[in-house]
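I would like the entire structure built from these sequences, with the hints used as guidance.
Chains A and B, in that order, are what the protein sequence lines are.
Numbered per this note's numbering, the first sequence spans residues 881 to 1034.
Numbered per this note's numbering, the second sequence spans residues 44 to 349.
Errors might be hidden in some of the hints.
What the hints assert, rightly or not - Quick list of in silico lysine to aspartate or glutamate cross-link-like pairs, DMTMM-like style, CA-CA up to 20 Å: (1) A:LYS974 x A:GLU906; (2) A:LYS980 x B:ASP103; (3) A:LYS1033 x B:GLU102.
As the list claims (entries may be wrong) - With the Cβ distance kept under 7 Å, some of the chain B side facing chain A (calculated, not the full set): (4) SER287; (5) GLY289; (6) SER293; (7) VAL296; (8) MET297; (9) GLY298; (10) MET299; (11) ALA303; (12) PHE305; (13) GLY307; (14) ALA308; (15) GLY309.
As the list claims (entries may be wrong) - Cβ pair distances, simulated, as ranges: (16) B:ASP221 x A:HIS911: 49 to 55 Å; (17) A:HIS911 x B:SER225: 48 to 54 Å; (18) A:HIS911 x B:PRO116: 37 to 43 Å; (19) A:ILE1003 x B:SER150: 53 to 59 Å.
For the record, the hints were derived by calculation from the structure and aren't laboratory data.
Note that the Cβ used here is the ideal one computed from N, Cα and C, for glycine as well.
The residues making up each chain are set out below.
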Amino acid sequence: MDCHKLLVSAAFVLGMLILPNSHASEADIKHRIAIMKALGGHMGAMAVTLRGEVDRSDQLPIHAQSLLSLASIVPSLFPEPGKQRDSQIKTRAKPTIWSKPENFQQTLAEFDQAAHQFAQTVIDGEGSSEQLLAFYADLGRACKQCHDQFRWKN
Amino acid sequence: MDRHRVKWKSAKMGISLRPWLAVVLLAVPVALQAADPQAVERGRYLLDLAGCVGCHTQEDGERLAGGRELETPFGRFTSPNITPDPDTGIGQWNLDQFRIALTRGESPTGEHYYPVFPYTSYTGMKPSDIADLWAYLQSVPAVSQSNQPHQLSWPFSWRFLMVFWKWLFFEEGPIAVDPGQSEQFKRGAYLARALGHCGECHTPRNFLGVMDLSRELAGTENGPEGGVIPNITPDPETGIGRWSAGDVDSLLVMGMLPDADFVGAGMGEVVDNSTAQMTESDRQALIVFLREIPAVYNQLSSGSSD
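Below, the structure written as structure tokens:
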């Protein structure tokens, strides 16, 4: 098991232990959705920047650092669901997150690895624009992979 | 295999051995016959673009061995095995039969396919692409997996009605593209209309399953698996008219929407299996096509972005 997988697994297990009774409240779900939207916001801002549609490449490291920070808390956002499907807040998280935790951890580890690869390259200021776009595409595919497996379409 | 040489040898062996020779030749797996490696490689790419894997592979099943169920307003279709297995796949077909299946929607036994198999689009495929695709399909491992019957509602369960359907609605031949368009647009049109068969999901159909080409790619509320399929014409209000070329590119490469959400379900598979595998030039051609076709206003009940 590589370092990323180990860290993500540890964070996931820690998240399960720390959260009270390991059951998601509506507030937990609301919080998770907000974090995911924040991640999406940074991803969207970086996409238009990397494509050269806006001249804000100097701000890329801010988004990259935020991405890393948010990525580090993602594994803690999925406490046991309890009756969340009956809650007033719509969630698209699939039960397989909890019924197949090892698959979920694996997918999160891949996301974490892709996020580090991309963000660190941005922060270090070393990658060419082609390389950054390629790493960004890898990151996007890692996001999609998780959504495909662990999120309902509607 | 050199056909002239086989003929010469059979003549030398005498007529009594010919039936045996025929049996032996039939028994040789098609995959062992000589195939141009470059044709196989091109065919692999075409297989991706044509989206064969998605429909012909069951979840957790053997690649291209069929068994994938597709819910439609006409009932449940189950895709067939297209590996070169001689008993359950297409191992006993030849190139001409394969071409007829793709371009006329007719099986080697004369059976008419339902248009859930998108021969209505594949009919526009170039003969050279069909030959390459055939070469690749002969190279994949044969999988023995029997085909399952479709479960369709009446009258669609009467397959013979497809004769009339095709007579009325099916036009065989290359896709129509305005000759005044750029080469990039024409390539994009070929990718979208023939190989990628985008219209099979994105173009609305009437109650007989006929695509309304006056609203090409304008989306539908009755898509496969009962879902809403978005309008991908350049209409700024109900389509993708406000998307930049980069937005479309991000969708094709990684399935990301302009709001940084991701497509899922069927389109998610199309991205993984097809559009993400495209060469840069093919992707750009598809983008040009999608941004230059006529905009169609078509407000759908929910979601127009994925």
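Hints, verified against the model:
The suggested pairing of LYS974 of chain A with GLU906 of chain A holds, with an alpha-carbon distance near 16 Å, which does not exceed 20 Å. The suggested pairing of LYS980 of chain A with ASP103 of chain B holds, with an alpha-carbon distance near 16 Å, which does not exceed 20 Å. With a C-alpha separation of about 17 Å, the suggested pair LYS1033 of chain A and GLU102 of chain B falls inside the 20 Å cut-off, and the hint holds. Here the hint on SER287 of chain B is kept, as its CB sits about 6 Å from the closest CB of chain A, short of 7 Å.
The interface hint given for GLY289 of chain B holds, since its Cβ lies 4 Å from the closest Cβ of chain A, which is under the 7 Å cut-off. Interface hint status for SER293 of chain B: upheld, as the beta-carbon distance to the closest one in chain A is roughly 6 Å, under 7 Å. Checking VAL296 of chain B against chain A by beta carbon gives a least distance of about 5 Å; that is within 7 Å, so the hint holds. With its C-beta approaching chain A no nearer than about 3 Å, MET297 of chain B sits inside the 7 Å limit, and its interface hint holds.
Taking 7 Å as the C-beta contact cut-off toward chain A, the hint placing GLY298 of chain B at the interface holds, the least distance being around 5 Å. Among the interface hints, the one on MET299 of chain B holds; its C-beta lies about 5 Å from the nearest C-beta in chain A, closer than the 7 Å criterion. Using the Cβ-Cβ criterion of 7 Å, the hint placing ALA303 of chain B at the interface with chain A is satisfied: the shortest such distance is roughly 4 Å. Taken as an interface hint, PHE305 of chain B checks out: its beta carbon lies about 4 Å from the nearest beta carbon of chain A, inside 7 Å.
Annotation: interface hint on GLY307 of chain B holds; nearest CB of chain A at approximately 5 Å, less than 7 Å. Taken as an interface hint, ALA308 of chain B checks out: its beta carbon lies about 5 Å from the nearest beta carbon of chain A, inside 7 Å. Interface hint status for GLY309 of chain B: violated, as the beta-carbon distance to the closest one in chain A is roughly 9 Å, over 7 Å. Roughly 53 Å separates the CB atoms of ASP221 of chain B and HIS911 of chain A, a value that falls within the hinted 49 to 55 Å.
For HIS911 of chain A paired with SER225 of chain B, a C-beta distance near 50 Å keeps the hint of 48 to 54 Å intact. At roughly 40 Å, the beta carbons of HIS911 of chain A and PRO116 of chain B sit within the given window of 37 to 43 Å. About 58 Å separates the C-beta atoms of ILE1003 of chain A and SER150 of chain B, a value consistent with the hinted range of 53 to 59 Å.
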